[in-house]
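Enquirer: All chains, full assembly: derive it from the sequences and hints.
Just so you know, the protein sequences line up as chains Z and L, in that order.
Numbering-wise (my numbering), the first sequence opens with residue 1 and increments by one.
Numbering-wise (my numbering), the second sequence opens with residue 1 and increments by one.
No wet-lab data here; the hints were simulated from the structure.
Computed from a prediction, not measured in an experiment: that's the story for all the values here.
Any given hint could be a false lead.
Same chains, same names: a pair is fine if it fits in one copy or spans any two.
[Stated by the list, open to error] Simulated pairs of lysine to aspartate or glutamate, DMTMM-like, Cα-Cα distance not exceeding 20 angstroms:
1) Lys293 / Glu399
2) Lys102 / Glu253
3) Lys300 / Glu505
4) Lys448 / Glu266
5) Lys102 / Glu144
6) Lys102 / Asp19
7) Lys193 / Asp411
8) Lys198 / Asp105
9) Lys102 / Glu90
10) Lys532 / Asp562
11) Lys193 / Asp169
12) Lys318 / Asp221
13) Lys433 / Glu325
14) Lys296 / Glu333
15) Lys300 / Glu325
16) Lys532 / Glu314
17) Lys128 / Asp522
18) Lys378 / Glu497
19) Lys448 / Asp100
20) Lys121 / Glu15
21) Lys532 / Glu123
There are 2 protein chains.
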Amino acid sequence: MITRMSSLFLRTLREDPADAEVPSHKLLVRAGYVRRVAPGVYSWLPLGLRVLRRIEAIVRAEMDAMGAQEIQFPALLPREPYEATNRWTEYGPNLFRLKDRKGGDYLLGPTHEELFTLTVKGEYASYKDYPVSLYQIQNKYRDEARPRAGILRGREFLMKDSYSFDLTDEGLAASYGAHRATYVRIFDRLGLKYVIVKATSGAMGGSASEEFLAEVPIGEDTFVRSTASDYAANVEAVVTTAPPARDVADLPEAQVHHTPGTPTIETLVDFLNQAGLGREFTAADTLKNILFKTRKPGAKEWELLAVGLPGDREVDTKRLEASLEPAEVAVLEEADFAKHPFLVKGYIGPRALLDNGVRYLVDPRVVTGTAWVTGADKGDHHVVDLVAGRDFTPDGTIEAAEVREGDPAPDGAGTLVAARGIEIGHVFQLGRKYAEALGLTALGPDSKPVTITMGSYGIGVSRLVAVIAEQYHDAAGLVWPRNVAPADVHVVIAGKEETLRAAGEKLAEELHAQGVEVLLDDRTASPGVKFKDAELIGVPTIVVVGRGLANGVLEVKDRATDTRTEVPVDEVAAHVVGLVRG
Amino acid sequence: MITRMSSLFLRTLREDPADAEVPSHKLLVRAGYVRRVAPGVYSWLPLGLRVLRRIEAIVRAEMDAMGAQEIQFPALLPREPYEATNRWTEYGPNLFRLKDRKGGDYLLGPTHEELFTLTVKGEYASYKDYPVSLYQIQNKYRDEARPRAGILRGREFLMKDSYSFDLTDEGLAASYGAHRATYVRIFDRLGLKYVIVKATSGAMGGSASEEFLAEVPIGEDTFVRSTASDYAANVEAVVTTAPPARDVADLPEAQVHHTPGTPTIETLVDFLNQAGLGREFTAADTLKNILFKTRKPGAKEWELLAVGLPGDREVDTKRLEASLEPAEVAVLEEADFAKHPFLVKGYIGPRALLDNGVRYLVDPRVVTGTAWVTGADKGDHHVVDLVAGRDFTPDGTIEAAEVREGDPAPDGAGTLVAARGIEIGHVFQLGRKYAEALGLTALGPDSKPVTITMGSYGIGVSRLVAVIAEQYHDAAGLVWPRNVAPADVHVVIAGKEETLRAAGEKLAEELHAQGVEVLLDDRTASPGVKFKDAELIGVPTIVVVGRGLANGVLEVKDRATDTRTEVPVDEVAAHVVGLVRG
Numbered sequence: 001m002i003t004r005m006s007s008l009f010l011r012t013l014r015e016d017p018a019d020a021e022v023p024s025h026k027l028l029v030r031a032g033y034v035r036r037v038a039p040g041v042y043s044w045l046p047l048g049l050r051v052l053r054r055i056e057a058i059v060r061a062e063m064d065a066m067g068a069q070e071i072q073f074p075a076l077l078p079r080e081p082y083e084a085t086n087r088w089t090e091y092g093p094n095l096f097r098l099k100d101r102k103g104g105d106y107l108l109g110p111t112h113e114e115l116f117t118l119t120v121k122g123e124y125a126s127y128k129d130y131p132v133s134l135y136q137i138q139n140k141y142r143d144e145a146r147p148r149a150g151i152l153r154g155r156e157f158l159m160k161d162s163y164s165f166d167l168t169d170e171g172l173a174a175s176y177g178a179h180r181a182t183y184v185r186i187f188d189r190l191g192l193k194y195v196i197v198k199a200t201s202g203a204m205g206g207s208a209s210e211e212f213l214a215e216v217p218i219g220e221d222t223f224v225r226s227t228a229s230d231y232a233a234n235v236e237a238v239v240t241t242a243p244p245a246r247d248v249a250d251l252p253e254a255q256v257h258h259t260p261g262t263p264t265i266e267t268l269v270d271f272l273n274q275a276g277l278g279r280e281f282t283a284a285d286t287l288k289n290i291l292f293k294t295r296k297p298g299a300k301e302w303e304l305l306a307v308g309l310p311g312d313r314e315v316d317t318k319r320l321e322a323s324l325e326p327a328e329v330a331v332l333e334e335a336d337f338a339k340h341p342f343l344v345k346g347y348i349g350p351r352a353l354l355d356n357g358v359r360y361l362v363d364p365r366v367v368t369g370t371a372w373v374t375g376a377d378k379g380d381h382h383v384v385d386l387v388a389g390r391d392f393t394p395d396g397t398i399e400a401a402e403v404r405e406g407d408p409a410p411d412g413a414g415t416l417v418a419a420r421g422i423e424i425g426h427v428f429q430l431g432r433k434y435a436e437a438l439g440l441t442a443l444g445p446d447s448k449p450v451t452i453t454m455g456s457y458g459i460g461v462s463r464l465v466a467v468i469a470e471q472y473h474d475a476a477g478l479v480w481p482r483n484v485a486p487a488d489v490h491v492v493i494a495g496k497e498e499t500l501r502a503a504g505e506k507l508a509e510e511l512h513a514q515g516v517e518v519l520l521d522d523r524t525a526s527p528g529v530k531f532k533d534a535e536l537i538g539v540p541t542i543v544v545v546g547r548g549l550a551n552g553v554l555e556v557k558d559r560a561t562d563t564r565t566e567v568p569v570d571e572v573a574a575h576v577v578g579l580v581r582g
Numbered sequence: 001m002i003t004r005m006s007s008l009f010l011r012t013l014r015e016d017p018a019d020a021e022v023p024s025h026k027l028l029v030r031a032g033y034v035r036r037v038a039p040g041v042y043s044w045l046p047l048g049l050r051v052l053r054r055i056e057a058i059v060r061a062e063m064d065a066m067g068a069q070e071i072q073f074p075a076l077l078p079r080e081p082y083e084a085t086n087r088w089t090e091y092g093p094n095l096f097r098l099k100d101r102k103g104g105d106y107l108l109g110p111t112h113e114e115l116f117t118l119t120v121k122g123e124y125a126s127y128k129d130y131p132v133s134l135y136q137i138q139n140k141y142r143d144e145a146r147p148r149a150g151i152l153r154g155r156e157f158l159m160k161d162s163y164s165f166d167l168t169d170e171g172l173a174a175s176y177g178a179h180r181a182t183y184v185r186i187f188d189r190l191g192l193k194y195v196i197v198k199a200t201s202g203a204m205g206g207s208a209s210e211e212f213l214a215e216v217p218i219g220e221d222t223f224v225r226s227t228a229s230d231y232a233a234n235v236e237a238v239v240t241t242a243p244p245a246r247d248v249a250d251l252p253e254a255q256v257h258h259t260p261g262t263p264t265i266e267t268l269v270d271f272l273n274q275a276g277l278g279r280e281f282t283a284a285d286t287l288k289n290i291l292f293k294t295r296k297p298g299a300k301e302w303e304l305l306a307v308g309l310p311g312d313r314e315v316d317t318k319r320l321e322a323s324l325e326p327a328e329v330a331v332l333e334e335a336d337f338a339k340h341p342f343l344v345k346g347y348i349g350p351r352a353l354l355d356n357g358v359r360y361l362v363d364p365r366v367v368t369g370t371a372w373v374t375g376a377d378k379g380d381h382h383v384v385d386l387v388a389g390r391d392f393t394p395d396g397t398i399e400a401a402e403v404r405e406g407d408p409a410p411d412g413a414g415t416l417v418a419a420r421g422i423e424i425g426h427v428f429q430l431g432r433k434y435a436e437a438l439g440l441t442a443l444g445p446d447s448k449p450v451t452i453t454m455g456s457y458g459i460g461v462s463r464l465v466a467v468i469a470e471q472y473h474d475a476a477g478l479v480w481p482r483n484v485a486p487a488d489v490h491v492v493i494a495g496k497e498e499t500l501r502a503a504g505e506k507l508a509e510e511l512h513a514q515g516v517e518v519l520l521d522d523r524t525a526s527p528g529v530k531f532k533d534a535e536l537i538g539v540p541t542i543v544v545v546g547r548g549l550a551n552g553v554l555e556v557k558d559r560a561t562d563t564r565t566e567v568p569v570d571e572v573a574a575h576v577v578g579l580v581r582g
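Expert: Structure representation (C-alpha cells):
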C-alpha cells in the first residue's frame with residue numbers, strides 16, 4: 001500500500017503536549033499517533049492504529065501457534081457472575097459500573113475470569129474435553145485512580161487475556177510453561193528489552209506467578225535483579241535470605257539498660273556506643289517493632305499486628321501489603337495507642353507484645369540465636385542481647401522490610417541491584433479459585449467430578465505501543481522496530497521539481513508492487529519540514545529523493561543509526577526490499 | 001490452517017435454544033457460533049469470530065480501497081461533546097450512561113458524530129486539507145428497549161461507521177456517491193440479497209438518505225417497491241402521489257345533512273348510499289379528521305394537531321412520527337377533548353378546526369378541487385361536497401396515511417408492493433448540523449471560514465453475521481457463502497479405520513499447504529453425528545473420507561446444492577482448491 005502524506009489524516013506537532021511527561025506520550029501525540037479524549041481515554045489516528053494492529057497481529061499469530069483458540073466476550077457484562085466471585089464488591093472504585101434501562105446492574109469488564117470459567121462450564125462436561133486454552137484480544141476498562149502517561153496506563157485499553165483449563169496441577173504447569181514460552185517469542189519479535197520477574201499473585205490468588213517487565217527508566221514498577229545470575233523479581237516477591245539459626249547455649253543473658261533520650265534508632269545506637277558495653281553497635285543490631293492494624297475482607301474489627309525488623313531497615317508498604325493480602329493494613333493511630341497502654345511508644349519490645357496477645361511477625365533475618373537490642377516496654381529503657389528463640393518466640397515471619405541494592409540475591413548468586421520497568425505481560429497459575437466459585441468441574445473417568453485448575457495470562461496490547469516507543473526513540477522522534485512500524489519505508493520527495501516527484505512516485509509504485517508498505521511524502525512542504533516529520537514519525541528506512549537524483553543516486557537512511565547510503569536510483573527498490581525482508 | 005474438531009472449542013446443540021425465534025438465532029447458537037451473556041449481549045465462540053472477522057476484513061478492504069482512512073475512537077466517552085449537540089439528553093433511555101470514580105459523566109458511544117467532528121476540527125484548519133473520509137470498525141452500545149433475535153439487534157454490536165467531510169454540497173454529493181458505490185461492492189461480495197431504499201433522515205437531521213435493506217421474511221422494517229421500476233423506499237419515506245388540482249368553478253355547493261347514528265366511516269357510507277343523493281359513496285370520498293397533540297423538543301406545552309385523510313386510510317404511526325420529528329406526538333385523550341368543546345367526536349370538520357386555530361394538516365391527496373364528505377362539527381351531522389381550496393384551506397399537507405400495496409409508485413412506474421427487510425447499511429447526507437454545533441470550519445482561500453458539510457455512513461458488521469445466516473440456511477443448518485465461511489472446506493473422517501484417518505490427515509495437510517482453511521473432523525464420533533454437524537456448521541464444501549476410499553475415491557459435497565461428486569483420491573486436493581479459488 002502507498003500512503004500519501006498529501007491526504008493522510010495526520011498533522012504533526014512541533015510542541016510537546018502540556019499534559020505529557022514521559023517520552024512516549026510526548027512523541028506519540030506529536031507524531032500524530034494518538035489523541036486524548038478524556039483522562040486515560042485515547043483515540044487512535046491512522047499511524048497509531050497501524051502500529052497497534054501490527055502488534056495485535058504478532059500476539060494473535062503466536063497465540064494461535066501455541067494452540068490457544070480465539071473467542072470474544074462482550075465488554076458490557078452483567079453483575080451476577082462477578083457477584084458470585086465477590087469481585088463486584090472487591091474491585092472497589094476501579095470498576096466502571098452502570099445500570100441499564102430496566103435498572104439491571106452491569107459493569108465494563110476489567111478482566112474476564114468469570115466469563116471464561118462460565119463459558120467453558122457451558123460447553124464442556126467430560127475429562128476428555130480438557131485441556132483447553134482460550135484467549136481474546138479486547139478492550140478492557142478500569143477506572144484507574146491515576147491514569148497517566150497517555151496510553152501507558154489508560155482507563156480503556158486493549159488487552160490479550162487468555163486462560164488455560166486443566167484437570168491436574170501438572171497439566172496447569174505445562175499450560176503455564178507453554179504460555180510463558182509464547183510470551184518470550186512475542187516480546188522477542190516485538191524487539192522489547194524485558195526481564196521476567198517472580199511476582200506475588202496479589203488479589204487474584206493462586207501460586208506460580210511471573211511478570212514480564214519492560215525495562216524503561218520511567219517505569220512505575222521497581223524490580224531487582226542479581227548481579228551474577230538471571231534472577232529478577234518484583235520487589236514484593238523478593239524472599240529475604242535468612243542467616244542459619246544459631247545455637248543459643250553460650251549467648252550472654254539479656255539485660256535491661258536505662259537508655260534515657262533514645263526514642264529513635266539513631267539516638268539509641270549513639271547511646272549504646274558511648275555506654276561502654278565493650279562492643280560496637282549499629283542500627284542492624286537493633287530490633288524495631290512497628291505497630292499496624294489489619295482487617296480481613298468482610299471483617300468488622302481491626303486486629304493489632306506488630307512487625308519486628310532490624311533497625312537499619314524501613315518497612316516497604318507495598319511488600320507489607322502484598323504479604324498480608326487480601327487483608328487491609330493501616331498504621332496504628334494515636335487513638336489506638338491510647339487504648340493499649342502496654343504499647344510504650346519508642347520502647348516497644350517483644351515481651352509486651354507477646355504477653356498481651358498481639359500478633360507478632362518478624363523479618364526472616366530474626367532467626368533463632370540472633371541477639372537484639374530492643375525496647376524494654378518502659379520509657380527510656382531498652383534490653384540488650386534479647387535472643388530470638390530463647391527470650392521470645394514470634395508468631396512467624398513476614399516479608400515487610402525494604403529490599404536494598406547490595407542485598408544477597410535469593411538464589412545465592414550475587415547481590416541485588418534495582419531497576420525500573422513497566423509490566424507488559426503476566427503469566428500466572430490461578431488454580432481452582434474461580435472453578436470452585438463458579439462450579440467448573442469435569443466428569444472424570446471414574447464418573448467423579450474433577451475441579452478444573454486454571455491459568456491466567458495477560459498482555460497489555462495497547463500499552464505495548466507506548467512501551468516500544470519508550471525503548472525506541474531519540475531526541476528527534478520515534479524509531480520503530482521494523483516488525484511494528486506503521487510503514488516499511490518512508491519515501492521523501494525533497495523538492496518541488498517534477499523530476500523528483502516523478503522519481504518518488506515511480507519508486508513508491510515499484511516498492512508497492514513488491515508488497516512493501518510505503519509512506520510517501522508527496523506534500524508541497526519544504527524538504528526541511530519533511531525531514532523533521534520523517535524523524536518524528538520514525539519509519540525505520542527513509543529514502544530521500546533529492547539532489548542526488550541528478551547524479552543518478554538516492555539517499556537511503558537508517559532511522560535508528562542515522563547511517564546514510566547513496567544507492568543508484570535503479571537499485572533502490574531492490575535495496576529497500578532487502579532491508580525490509582531482512 | 002487446519003482446525004481439528006477433536007480439540008476445537010465447539011459443542012453443537014441438537015435443540016433450539018428456548019429464547020430463539022428466528023432461524024439465524026437458532027442456528028448460530030446450535031452450531032456453536034455465539035452464546036448469550038445477557039439480553040442483547042453475546043460472546044463469539046471460535047467459528048463465529050472467524051465469520052465476523054472475514055466480514056470485517058471485506059468491509060475494511062473496500063473502505064480502504066475507496067480512500068477512507070481508518071481510525072479508532074474509544075467506546076467510553078465523556079459527556080461534554082454530546083452535551084454540546086444535545087444528544088446526551090435527546091438519546092433518552094437508549095444511551096448507556098455511567099459515572100467515573102470522580103463523579104464525571106460518561107457514556108458508551110452509540111454513534112460517534114461528535115468525536116469525528118471534533119477530531120477533524122483538532123487536526124485540520126485550511127480548505128486545502130479537505131475533503132477527507134474517516135472510518136472506524138468498533139463496538140457500539142445502545143440500550144435497546146427490545147433487544148431481539150440474538151445478534152440481529154444487540155445492545156453491544158460491531159459497527160463500521162464513517163464520515164465524510166467536504167467544503168461544498170457538490171463535494172458531499174460526491175463523497176456520498178463514493179460511499180454508496182462502496183456499500184454496493186461490500187454487500188455484493190458478501191453475497192447478500194438487498195435493496196437500496198429511500199429513507200427519511202430521522203432524528204439525525206440532514207437531506208439525502210438511503211438504507212440498504214437485506215430482504216428477509218423476519219425483517220422488522222417494512223418497505224415498498226415498485227412492480228415496474230427499481231424504486232424502493234422505507235414506508236416512512238414514501239411520498240404520496242397526489243392527483244392534479246381541479247377547477248372549483250362548477251362544483252356543487254357544500255350541503256349539511258342530518259346523518260343520525262353515523263359515528264364511524266362505515267356507518268356514514270352506508271347511510272349516504274341509502275339517502276338517495278343520486279350517487280354512490282365509498283370510504284375514499286370521506287375526509288376523516290384525527291386529533292393529536294404534539295410537543296417540540298424542550299417545549300413544555302402540547303399543541304393540538306388535526307390530521308385530515310381519506311376515510312379509507314388509517315394513520316400509520318411511524319409515518320406520522322417521521323413527518324413530525326423531532327417533535328413528540330400523542331393521540332388526544334378524553335380529557336383533552338373535554339377542554340375543547342368545539343371538537344365534536346365523530347363529527348369533527350375542517351371548519352371548527354380552522355375557526356379555532358387548530359393546526360390542520362391533510363393528506364397530499366386532499367388537493368384543491370377535491371370534494372369531501374366530512375364532519376359538520378355537530379352531533380349526527382355531516383357536510384357533503386365540502387371542497388378543498390374553496391370551502392377550507394388546510395395549513396399544509398402531511399405524510400401520515402398508511403401506504404398500501406397497489407398504491408401508485410411515486411416514480412410513476414407501476415404500483416407498490418410490500419416486503420420485509422433488515423437494515424444492514426445506511427448512507428446519508430448529514431449536512432452541517434454537527435459542524436455548526438461543534439464549530440468545524442475551514443479557512444477558505446479568501447481567508448473566510450467555510451462550515452464543513454458531512455456525510456454519515458454505517459454498516460452493522462456483527463448484525464451481518466445474522467443477516468447472512470438468515471439468507472443462507474436450510475432445514476439442516478447454516479449454508480455460508482464462500483467469502484465469509486468459517487473454513488473453506490470441511491473434511492469429515494467418516495469411520496474409525498486407520499486408513500480413513502491417515503487419508504483425512506493427508507488431505508488436510510495437502511490443502512493446508514495450498515493455503516486452504518480446513519476444518520477437519522477427526523473426532524471419535526460416529527459418521528452420522530459428524531455429517532449432521534457438518535450440515536449444521538455450514539462450510540460450503542464437505543469432503544467425506546469414507547467407504548469410497550477403498551475404491552480410490554472421496555465424496556465432495558456442495559453444502560448449498562447437496563450435489564455429491566466422487567473424485568479420485570489423488571485429485572481431491574486440486575479439485576477443492578479449484579472450488580475455493582472459484
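Enquirer: Hint by hint, note whether the structure agrees.
Expert: Now for the hints, and whether the structure bears them out:
1. Lys293 / Glu399: Result: close within a single copy only, 16 angstroms intra versus 74 angstroms inter.
2. Lys102 / Glu253: Result: close neither inside a copy nor across copies, 73 angstroms intra and 58 angstroms inter.
3. Lys300 / Glu505: neither (73 angstroms within a copy, 62 angstroms between copies)
4. Lys448 / Glu266: neither (64 angstroms within a copy, 74 angstroms between copies)
5. Lys102 / Glu144: between (28 angstroms within a copy, 11 angstroms between copies)
6. Lys102 / Asp19: between (39 angstroms within a copy, 19 angstroms between copies)
7. Lys193 / Asp411: neither (23 angstroms within a copy, 68 angstroms between copies)
8. Lys198 / Asp105: neither (37 angstroms within a copy, 39 angstroms between copies)
9. Lys102 / Glu90: between (25 angstroms within a copy, 18 angstroms between copies)
10. Lys532 / Asp562: within (13 angstroms within a copy, 62 angstroms between copies)
11. Lys193 / Asp169: neither (31 angstroms within a copy, 53 angstroms between copies)
12. Lys318 / Asp221: within (11 angstroms within a copy, 59 angstroms between copies)
13. Lys433 / Glu325: within (15 angstroms within a copy, 54 angstroms between copies)
14. Lys296 / Glu333: within (19 angstroms within a copy, 61 angstroms between copies)
15. Lys300 / Glu325: within (16 angstroms within a copy, 56 angstroms between copies)
16. Lys532 / Glu314: Classified as neither; 49 angstroms inside a copy, 68 angstroms across copies.
17. Lys128 / Asp522: Only across copies: Lys128 and Asp522 sit 14 angstroms apart there, 60 angstroms inside one copy, limit 20 angstroms.
18. Lys378 / Glu497: The answer is neither: 91 angstroms in one copy and 87 angstroms across copies each exceed 20 angstroms.
19. Lys448 / Asp100: Neither: 41 angstroms inside a chain and 46 angstroms across chains, both beyond 20 angstroms.
20. Lys121 / Glu15: Close across copies (18 angstroms), not inside one copy (53 angstroms); limit 20 angstroms.
21. Lys532 / Glu123: between (56 angstroms within a copy, 18 angstroms between copies)
The earlier numbered hints that this structure contradicts are 2, 3, 4, 7, 8, 11, 16, 18, 19.
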